[in-house]
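First to last, the protein sequences are chains A, B, C and D.
Okay, so the first sequence: first residue is -17 according to the working numbering, each after it adds one.
Okay, so the second sequence: first residue is -17 according to the working numbering, each after it adds one.
Okay, so the third sequence: first residue is 329 according to the working numbering, each after it adds one.
Okay, so the fourth sequence: first residue is 329 according to the working numbering, each after it adds one.
These are computed hints drawn from the structure, not numbers from a lab.
We put the CB at the ideal spot given by N, CA and C, even for glycine.
Hints should not be assumed to be uniformly reliable.
A partial selection of chain A residues facing chain D, derived with a Cβ cut-off under 7 Å [as the list claims (entries may be wrong)]:
hint	residue
1	K262
2	P309
3	H323
4	Y334
5	T338
6	I340
If you anchor each label on the Cβ, the simulated ranges turn out as follows [stated by the list, open to error]:
hint	chain 1	residue 1	chain 2	residue 2	range
7	A	K313	D	E653	24 to 32 Å
8	C	E377	A	K92	34 to 42 Å
9	B	K13	D	P405	51 to 59 Å
10	C	D591	D	E600	19 to 27 Å
11	C	A359	A	P276	25 to 33 Å
12	D	K578	C	K651	39 to 47 Å
13	D	G345	C	M575	51 to 59 Å
14	C	E717	D	E673	33 to 41 Å
15	B	A205	D	N477	47 to 55 Å
16	A	P204	B	T(-8)	56 to 64 Å
17	D	K383	B	T206	23 to 31 Å
18	C	E664	D	K578	51 to 59 Å
19	D	M515	B	M94	33 to 41 Å
20	D	N676	A	P191	28 to 36 Å
These are the residues of each chain, in order.
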Amino acid sequence: MADAVHERRTDYGPPHHDQFLPPIIKENYGKWKYHEVLKPGVMVHVSHSGAKLFTVRAASGRLTSIQKIRMYCDLADKYCDGYLRFTSRHNVEFLMDKQENIEPLIADLKEMGHPIGGIGNSISAIVHTQGWIHCHSAATDASGVVKATMDELIEYFENMILPGKLRIALACCLNMCGAVHCSDIAILGIHRRPPKIMHDKVKKMCEIPNVSASCPTAAVRPATVDGFESVEIIEEQCMFCANCFTVCPAMPIADPLNDGISIWLGGKVSNARHEPMFSKLAIPFLPNNPPRWPEVTSAIKNIVELWAANANKYERMGEWIERIGWPKFFKMSGIEFQKEHVDDFKHAGLTYKRSTHITF
Amino acid sequence: MADAVHERRTDYGPPHHDQFLPPIIKENYGKWKYHEVLKPGVMVHVSHSGAKLFTVRAASGRLTSIQKIRMYCDLADKYCDGYLRFTSRHNVEFLMDKQENIEPLIADLKEMGHPIGGIGNSISAIVHTQGWIHCHSAATDASGVVKATMDELIEYFENMILPGKLRIALACCLNMCGAVHCSDIAILGIHRRPPKIMHDKVKKMCEIPNVSASCPTAAVRPATVDGFESVEIIEEQCMFCANCFTVCPAMPIADPLNDGISIWLGGKVSNARHEPMFSKLAIPFLPNNPPRWPEVTSAIKNIVELWAANANKYERMGEWIERIGWPKFFKMSGIEFQKEHVDDFKHAGLTYKRSTHITF
Amino acid sequence: MADAYPKTPMLDELEKGKWPSFVTEIKMAAADNPMGKDLLGLLERSYREKIGHWKHGGIVGVMGYGGGVIGRYNDLPDEYPNISHFHTMRINQPAGWFYTTEALRKICDIWEKHGSGLTNMHGSTGDIILLGTTTDELEPTFDELQKINFDIGGSGSDVRTPSCCCGQARCEWACYDTMGACYDFTMAYQDELHRPAFPYKFKFKFSGCPNDCVASIARSDMSIIGMWRDDIQMDKDAIKEYADGGMDIKADVVDNCPAKCMDWNGKELTIENSYCRHCMHCINVMPKALAPGKDRGATILLGAKAPIVEGALLSSVIIPFIKMEPPYQEIKDLTERIWDVWCEEGKNRERVGEFIQRVGLGNFLEAIEVEPIPEMVAHPRENPYVFYEEYFEEDDGSED
Amino acid sequence: MADAYPKTPMLDELEKGKWPSFVTEIKMAAADNPMGKDLLGLLERSYREKIGHWKHGGIVGVMGYGGGVIGRYNDLPDEYPNISHFHTMRINQPAGWFYTTEALRKICDIWEKHGSGLTNMHGSTGDIILLGTTTDELEPTFDELQKINFDIGGSGSDVRTPSCCCGQARCEWACYDTMGACYDFTMAYQDELHRPAFPYKFKFKFSGCPNDCVASIARSDMSIIGMWRDDIQMDKDAIKEYADGGMDIKADVVDNCPAKCMDWNGKELTIENSYCRHCMHCINVMPKALAPGKDRGATILLGAKAPIVEGALLSSVIIPFIKMEPPYQEIKDLTERIWDVWCEEGKNRERVGEFIQRVGLGNFLEAIEVEPIPEMVAHPRENPYVFYEEYFEEDDGSED
Ligand code: SRM
Ligand code: SRM
Ligand code: SRM
Ligand code: SRM
Ligand code: SF4
Ligand code: SF4
Ligand code: SF4
Ligand code: SF4
Ligand code: SF4
Ligand code: SF4
Ligand code: SF4
Ligand code: SF4
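Only chain A is shown next, with the shape it has when bound in the complex (with noise of 0.2 Å):
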């Protein structure tokens, strides 16, 4: 019952993570000693003491009822002790100490509709944004293009059949929420028609000065239009990334008949070999196809699966194609090679082939 006069704090913090760890895990912090995967989403850590932790992890479509959130729970409470974790790409882990759960554990998270894997080898979950769920920048909706992908690619998250690990980010609009710009493979939801001004409400929404700065390409520039203050946009000076929009809503950019979806490649975060990359641009554009986006899987799915057959071991999509060079993996991909690939920012022209190290 809500007590209307309890004293109101602010600024407590999250309650300490101590309560929520299981006591295997109190007992046995910092001194693990290795760990070994057994089976697909399926892994031990043993402890210099010799304690054994199993993780089961189960797929998770990020975006989760409470009711799906009780279902984990009585899972957890049966197998668990009432433990339970989330990673960080927002799959849920099953953490015990009893051995013999795991296997039931599985046939009621698989009976639940949740696939177990993404560990070692594998594809997890797509780190992801909000999308036409709740956001108002989307170029494209999240949740179901993660949804579709995530469908077609199964087999390589419920195994371990892959040269190294593959990390696919979405994020539905330019400010990659998703921070999918060191993917490997990164679906980024794009405009390409600059934002319509609602001359009329410019003035009383937005401060134009800010407007006119936010413009990373100067293409926003104060004008008087119909007599009202407002702004107007150099045209072939816009590359869509909605900044001005951000700040102005009165520069709506989102257009059904230009959004779509850009593909890239070969990010990737660890220092594991090859130091971090920034993804590069696959596909500059695909249609949104709700529901489905068949274009979308599709590509995706061709693309993981050239890599999976050439990569050498370890090799993640970045090493591989940077092993085979990109003309190579533009010829072995039959994506077709545009104008939009190459690069016309800051630092252009560091990305020309200053060398002759060609393959034919």
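Start from chain A and add chains B, C and D with the ligands according to the hints.
Relative to chain A, chains B, C and D with the ligands alone:
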């Protein structure tokens, strides 16, 4: 005898090289099969026809008197049927089909003071520029520094005891006529004080708008000084490139107190193994100390010997440093790392260390 | 119950297939909650029209907090009145995303009563995202969250909710206590987290080793990544076991070492540790045989962000190695010096990484009183445009 | 004779040591020529004062030519009157720097009569540099050069004197006739070489293979580098000889292949040629056993230059492979299209490389009518700021 009334021709171009090729080359043009380095400075090229062409490469100071050229000619007449050539690094090469001529030729060359070498895994002649011999822009001399440096490194010219080729170049100012920007070791003359402006002459000698426009950092601005239409320099924005001086002689930048030399490392041109690379700043400043620039020559010798002792076979300077990392290089060489090493020009951000690939 | 939902032929397609369906989740919530029903309707409409129906958010929030709530209104409120307001609350997750079922159930109960019943577990910054409620429900929700000790996370130009990998809780490679440090920093900067006062957002992420399982180097303004500086620990018997077990140590391990500092003679593995780049690869491949050294701490890096406005950045090294011991005073002092300089000189909406790019790393270091060291750069400058800061004058022997 | 020289205690130090001494050269010339003596005096003074004594050059030249002479005056003409003028003439060298002694002697004779008797063999662009004469002697010198068929080289905003490696004259790796091509281009562009009409200088350099022995990729606006596109030629017996001779083929060759496309099983060397990057390393190490393929031509690259103003550039690929057959029409057509666009839109003192950087490679390609291909880039863009050029309008089905 000059004939005063002969027809004045222009644009006839250089003489065709055919007339300058020894018969063995003409006969085997495009038919060479392989070569072998017989000993330092001496190699043989073998043709598919079986013909053998011997080359002896002798050091040159590049600045050559006509007296010396005639001495070369005497030797070429004596041993090479009147043919010789120069290399892209300004050494002189004697070409012959008679193997027995090699030793007497070498003896004569040495007698003349021209060491033999520069072929294979050695240090060849230093590509360089005019310096105080002929250029108005010089921050240091060229020929003197080169002579002093090569005296110090002579054993590496006369022997093949290095891991790979080592190419040194010198430019006496940032115009970099020696194209030092891609050398294993680059010796670069630098100014460190803003130009002094001769306010009474600027307007007369120069186009003020061109002068302002010439400055990469926009440090030069039109200004009236002491009643003269002239320019002023915002000193904190000046990085001493001398581009304004190139455009306007009334802004001399050379300054005995502050001019000197910087040392750059790890560039390469060839595509062998690693793609071509730019040289990177190793030592921001060494004083001009004529006639023998001991600080410069000893710094270079130390670097050469560090590389020679630690690089793998075939590893050029830049490849070696890339493998071990620059922090390690600074540690091993004892060179102090300073603010000057940190890039702050256009693409500076890309030179920051964006990974945890760190050595201790 | 099913007929309570609006008709969603397109969304229904997304209930097919093996991956868990968000549509099913929404339907589960919608069964008890009118917000879910309207959300289904609106989303189906977006699918049909290929455009979102959310307006630019207004400023809504919870008393005493300057962030943590993302205001959201749809542009067809008459047709979808239950989600005419549909604000999101960002709730600071426990470090490492560990929960008891008890705590989770309490959150569910609150959200059942005060919100849509939909969540993201979790948002991509790491928060628990309570997805969708009305302005009126914000205070009551917070009121209940207080009682179960869950506080609000960041949004706007403030410290964002820090996050961390599970680290020593479950990982043998954690070079420091990521969860402890994450909690400590979160508590230390409650004010900065809850009251936006910076030029722009500032994110902390803590990873226990260079595998960087929270992507801190790509996604946080300050990345704290576990590191060791002594020799890699080796268990020779375990190496032998791997070899006997059929691992091709030359091909799988040695040839993939970016430092080329390993050797395998068929019997013995040797590492020239002074050249090791701490990439983790060899350790990743042979977890039973190799482990990070014993002298452990972290590397601190600065400045990662997404592309808007000046292009995406990765964090870059500011401290190659530092011991990680509470209260982490040296790192906090550094952080605060950085904030001071950035708040003073940073432009509006300029992330700290962009700020460094603009003023130059050298100048930035001077301002935050840190000496430049070679570990901070991939390589020294290539261009000769050096701003030497002093010169000799004729009349004095000293530098200007 | 020695006492005819001015006192040069500092320069004299540079007559010691094993490397050929330029001071000795100047003294040799000075023995017969007062210019040399004054040069010694002035240079000694520069050594003492640590500063040059040359003034910004004025415009001097030879009738009918807009370049090829670098005017030079010293700033102490009263003290060093013999070099008060000290202009340099750039003489177009024969391709590959091959000479007969007869030709060289004739040049010497001319320079004995009309100049300082000092030269650079050669300048760093490749010219024969006749170092130092007076304005009055320029025409007479040229007059005599005409008779021996040596013409003037480039300077200023024109085509600069092209240069090339010795190529097929002496090298087994030359993938085309560098000397022939260099001569052909030099002759084809005599007008452009002698009459500055560009925004800035334009350099051609021709190397016979990717070893690039004239540093064309670093030093020329158009770099023409030999290339093959079929398989590397292999002589199995010769490989065996190398192996028997003690070469560690795995360590020396295979492990250094940047494409990782070679394999050595202890007996046989295999190359996966479709991955070969044409770096030359394996061929360099085993010249008797390996050779470039038979389908030979060149890669054309654009845009190298020194740092002034926008930073140094390396050339980048514009044509990955082209057959090199006289009259090289396709390359010349391309060159002329490039010149047209650059002359039209380039800024004053903007090299073609800088021009491409400014307008963007994509736009530049469009202007010169070349299709973009992946070989032109090291990798596709990393930033999402794409200028899509068309969009659909509501009222039409077609693109705008
Ligand atoms: C659970 C989680 C941390 C957490 O606190 O939540 C985690 C846990 C582990 N990671 Fe990770 N990683 C987790 C996200 C990441 C991320 C971040 C991301 O994906 O956004 C990365 C960086 C990815 C990248 O580079 O783009 C990451 C890169 C690695 C790597 C390096 C792999 C590589 O070759 O590049 C390893 C080492 C390995 O797998 O050999 C690793 C290894 C591991 C180990 C084996 C560590 C251990 O001994 O416990 C853990 C299980 C491995 C697995 O999933 O295969 N983990 N790991 C995250 C699981 C996310 C998920 O649900 O899939
Ligand atoms: C004569 C000359 C060409 C000319 O027409 O003048 C020439 C001639 C040869 N070069 Fe070169 N190179 C010549 C300048 C260059 C340059 C340009 C420069 O130094 O400015 C380079 C690029 C340097 C760089 O990368 O910075 C160059 C990079 C090479 C390489 C690649 C070496 C590497 O590992 O990076 C080889 C291959 C080798 O040596 O294994 C090579 C190989 C050769 C061979 C073996 C080719 C052959 O079969 O004839 C010739 C003799 C080798 C030698 O000198 O060791 N040549 N060579 C030039 C001699 C200059 C001198 O006097 O020293
Ligand atoms: C909810 C979340 C996406 C998600 O579904 O998970 C999100 C959602 C929004 N982000 Fe974000 N960002 C979210 C994580 C990120 C991340 C990832 C991260 O933190 O690891 C990034 C990339 C890393 C970074 O910080 O650069 C990110 C980079 C942005 C940017 C670009 C910032 C930049 O400097 O480039 C913007 C635009 C802005 O700030 O102007 C942005 C703006 C937004 C706004 C507030 C839209 C706007 O323009 O005002 C979105 C609100 C959506 C909504 O209606 O709920 N969001 N945003 C993530 C926060 C959840 C959480 O608290 O856990
Ligand atoms: C003579 C020579 C140096 C030498 O001793 O060898 C030389 C000498 C001069 N160069 Fe150079 N450059 C010479 C080859 C180069 C090269 C190397 C090359 O061609 O391979 C470069 C670098 C490559 C390039 O073109 O970028 C070069 C890049 C420059 C620059 C910078 C140009 C740029 O775009 O960055 C300048 C300054 C300018 O043009 O404003 C310059 C300007 C000059 C001037 C004309 C000085 C000036 O500011 O007006 C020098 C005249 C010196 C004199 O008094 O004789 N010189 N210059 C070389 C020409 C000899 C020849 O014809 O064979
Ligand atoms: S990526 Fe863009 S559209 Fe998607 S949640 Fe972030 S700001 Fe919104
Ligand atoms: S969308 Fe981006 S590029 Fe286009 S006008 Fe707006 S801010 Fe400028
Ligand atoms: S590098 Fe500078 S000083 Fe030297 S010759 Fe060239 S322009 Fe003159
Ligand atoms: S020297 Fe260079 S930076 Fe300094 S004022 Fe002149 S042009 Fe500008
Ligand atoms: S970052 Fe390192 S310590 Fe943290 S979970 Fe990943 S592998 Fe373990
Ligand atoms: S951690 Fe990486 S760099 Fe260090 S030895 Fe292992 S593989 Fe090599
Ligand atoms: S560039 Fe190639 S062809 Fe020309 S000399 Fe050098 S190695 Fe021979
Ligand atoms: S030429 Fe270079 S890339 Fe090609 S096979 Fe030989 S070493 Fe490898």
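> Tell me, which hint numbers fail for this structure?
Replying inline: none
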